[in-house]
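Trainee: Single-letter residue listing:
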Amino acid sequence: MSHARRVAVLVAATLLAVTSCGSDPTAVSPRDTAVPTLTPTTIRSPAPAVVPTTVRSRDAAVPTVVPPPVPARVVASAVGIDVPVRAVGVAADGQMELPADPATIGWYRFGPGPADGQGTVVLGGHLDSKQYGVGPLVRLRKVRPGQLIRLSSDGGRTTTYRVDEVRAVAKSRLALQDLFDRTGTPRLRIVTCGGRYEPDNGGYQQNLVVSATRL
Amino acid sequence: MSVRKFAALIGAGLLLAGVPVATAQAAPAATATVSVLHGVPGATVDVYANGKKLLTNFKPGTLTDPLQLPEGDYDLKVTAAGKTAALIQANDVAVPGGANVTVVAHLDAGGKPVLTPFVNDTSKLAAGQARLTVRHTAAAPAVDVRAGGKPVFKDLTNPKQAKADLPAGTVKADVVLAGTSTVALGPADVNLKEGTNTIVYAWGSASAKNLKLAVQTISGLHGTPSGVPGGTGGQAATQQQPVWPALVAGLLALVLVGGGAAAIRVRA
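These protein sequence lines map, in sequence, to chains A and B.
One point on numbering: in our numbering, the residue at position 162 of the first sequence is 162, and numbering is uninterrupted.
One point on numbering: in our numbering, the residue at position 172 of the second sequence is 387, and numbering is uninterrupted.
The hints are simulated quantities; they were obtained by calculation from the structure and are not laboratory data.
As the structure is a computational prediction, the values presented were derived from the model and not from experiment.
Please note: incorrect hints may appear among the correct ones.
[Stated by the list, open to error] If you want the footprint, here are the derived chain A segments under chain B, 3+ residues with CB under 8 Å:
{"no.": "1", "stretch": "84–94"}
{"no.": "2", "stretch": "176–189"}
{"no.": "3", "stretch": "201–214"}
[Unchecked claim] Some chain A residues close to chain B (C-beta under 10 Å, calculated; not the full set):
{"no.": "4", "residue": "Ser57"}
{"no.": "5", "residue": "Ala60"}
{"no.": "6", "residue": "Val62"}
{"no.": "7", "residue": "Thr64"}
{"no.": "8", "residue": "Val79"}
{"no.": "9", "residue": "Gly80"}
{"no.": "10", "residue": "Glu97"}
{"no.": "11", "residue": "Leu98"}
{"no.": "12", "residue": "Tyr108"}
{"no.": "13", "residue": "Gly146"}
{"no.": "14", "residue": "Leu148"}
{"no.": "15", "residue": "Arg150"}
{"no.": "16", "residue": "Ser172"}
{"no.": "17", "residue": "Tyr197"}
{"no.": "18", "residue": "Glu198"}
We put the CB at the ideal spot given by N, CA and C, even for glycine.
Between the sequences and the hints, there should be enough to build the whole structure, so can you do that?
Mentor: See below:
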């Protein structure tokens, strides 16, 4: 390859890289294949910018509210966990709300549910309580990768997940954005507590997180 | 509406809303997110941008998907479907990069078709919250918007908007003539889904008795809980304690008891 030619190829490659990085400004949807035209942004052109060729539209009437399936029971038979699930939201302090009774586990109802095509179904429960004593989630720490967890919904449908990881994380370092991920692979994460109990320092010092992928 | 006035309206709207051109989350600074809502009753239209047909046979009460448009000035024209004469025209409409805008073709308070750009609030919400935005784009007098029978937004006039961040959930919403309980629209169950900006438009004409509601939803504004609590008793931690301290304590007790018994024996 001659020097001049190599330079030309390089330039072309660079241009390609430049035009392909970032989102295509003219794209309406992934299906749109319109070729972008580079318009200098500093010039306000009178007959300027590219206009997309295909635009989808839909009826904007008030949609009917169809409630999605709600998880009702979670079973990890390998460790003898079989507990009812209750839909929960956000507590007054901004943390995920949990059922007071450690024998019931909470499902974060604002995040994905088992029927959703993406994102993480988050279940959380108390390990123990002054009022109710120790709950079944104490056995979560015995869960091992490869074991199955079944989540049944109020409609009777059951979703199965395979455990990838069981991990204890310092509460202060729990990756919340990742835990409550609403996109990506459909997963189940069950969160409870672990580590030392320090009554004067917010109780348990760790979160135990079981991560499982939908089968 | 004059062209200049229209452009100024967009500019003013964006300024007022404090749209941070460089810090919008998803779009690079050089593109804007633009949706178009058709709220002129009875007219199926075509929409042109810079002389090129953008929408064909666009029906009243429909909303486009959000379009990513390069920032710049646009000449917009709305015609009756298949015709070329403008029903509504607006030239040199400034579309600034980073903004999320809905352009609404609707009737003004007097019943004349106009185009109004509204800036959509896409700032993040706290976990568990939803944003409700209401827009008066109907040929109708001032209204109150009620949720569950209670006025939430008062004295809204065409083409104004109002918004609030509320706990997510379904509200029964209706529209009444301002300061009265005369229902003009609704009630309708509106789902304020967590992490979304649910935008409700009143459109149509009161005198023609074709007032309607339209809904646009912008998702992905959700926040995340600040943590997950996990135990309030501490008993499970006690259960996890190694066995030897208990053994030591037991032995110690035995020794003490034994010692005590020995002492008693000695005395006896």
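Trainee: Under the constraints set out in the numbered hints, which ones does this structure not fulfil?
Mentor: Hints 8, 9, 13, 14 and 15 contradicted; others consistent.
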